[in-house]
Amino acid sequence: EDQVTQSPEALRLQEGESSSLNCSYTVSGLRGLFWYRQDPGKGPEFLFTLYSAGEEKEKERLKATLTKKESFLHITAPKPEDSATYLCAVRSGGSYIPTFGRGTSLIVHP
Amino acid sequence: DAGVTQSPTHLIKTRGQQVTLRCSPKSGHDTVSWYQQALGQGPQFIFQYYEEEERQRGNFPDRFSGHQFPNYSSELNVNALLLGDSALYLCASSPGTAGGTDTQYFGPGTRLTVL
Numbered sequence: 001e002d003q004v005t006q007s008p009e010a011l012r013l014q015e016g017e018s019s020s021l022n023c024s025y026t027v028s029g030l031r032g033l034f035w036y037r038q039d040p041g042k043g044p045e046f047l048f049t050l051y052s053a054g055e056e057k058e059k060e061r062l063k064a065t066l067t068k069k070e071s072f073l074h075i076t077a078p079k080p081e082d083s084a085t086y087l088c089a090v091r092s093g094g095s096y097i098p099t100f101g102r103g104t105s106l107i108v109h110p
Numbered sequence: 001d002a003g004v005t006q007s008p009t010h011l012i013k014t015r016g017q018q019v020t021l022r023c024s025p026k027s028g029h030d031t032v033s034w035y036q037q038a039l040g041q042g043p044q045f046i047f048q049y050y051e052e053e054e055r056q057r058g059n060f061p062d063r064f065s066g067h068q069f070p071n072y073s074s075e076l077n078v079n080a081l082l083l084g085d086s087a088l089y090l091c092a093s094s095p096g097t098a099g100g101t102d103t104q105y106f107g108p109g110t111r112l113t114v115l
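As they're listed, the protein sequences go chains A and B. The numbering of the first sequence is the numbering used here, which starts it at 1 and goes up by one. The numbering of the second sequence is the numbering used here, which starts it at 1 and goes up by one.
Wrong hints could be hidden among the right ones.
[Claimed, not checked] One-sided and incomplete, this derived list gives chain A residues near chain B with beta-carbon spacing under 8 Å:
id: 1; residue: Y96
id: 2; residue: I97
id: 3; residue: P98
id: 4; residue: F100
id: 5; residue: G101
id: 6; residue: R102
Bear in mind the hints are in silico, worked out from the structure with no lab data behind them. The beta carbon of each residue, even a glycine, is placed where N, CA and C say it ideally should be.
Please construct the entire structure, taking both the sequences and the accompanying hints into account.
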């Protein structure tokens, strides 16, 4: 059974204070690891898909990296508008079912 | 491009009733997945539809059923509602040729409250 654990559960940062969110996973044959951003009461917004260890992707102040056991979402010089819940999900070979973590709630104070 | 749309936005039902939620996928997408998201939890996969058939199902009882129409839009039906069915119901679409979930786009969700 695929498992995803995200840490920390909640993170408070000052504007400009860089940090990283962690997603640890256990799957039998990783077919993809996904990062989403979710604002309160809204649907998740797709950010990145990573497929293999060593892969990195960037978008504005966000950078996602992948190893064989975990992924990191690095946030550089965050702004208050980066405040949201960040979700990680994995998909294993042969399945169309992604398994989501519980998310990290990020609050960036001005 | 309107993206993924869902209706209604909010819904209040009582225990034992039945509910139908609707989803229109992003233009060019032929695969629709449904998720249930309880407060403080990640989305839980209910099922996925492709070419008007249920392609895979998560761990949900038969009270949860669905349908996909020829225009790729989809419905989620829940019978005999329980208090525990209160949640945000999310629809996501993707191009079927990519394996179904490689690039998923979510709708805004339907907030269902069961009293």
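Here is what the structure says about each hint:
no.: 1; hint: Y96; result: holds, 4 Å
no.: 2; hint: I97; result: holds, 5 Å
no.: 3; hint: P98; result: holds, 5 Å
no.: 4; hint: F100; result: holds, 3 Å
no.: 5; hint: G101; result: holds, 5 Å
no.: 6; hint: R102; result: holds, 5 Å
In the structure shown, no violation is registered for any of the earlier numbered hints.
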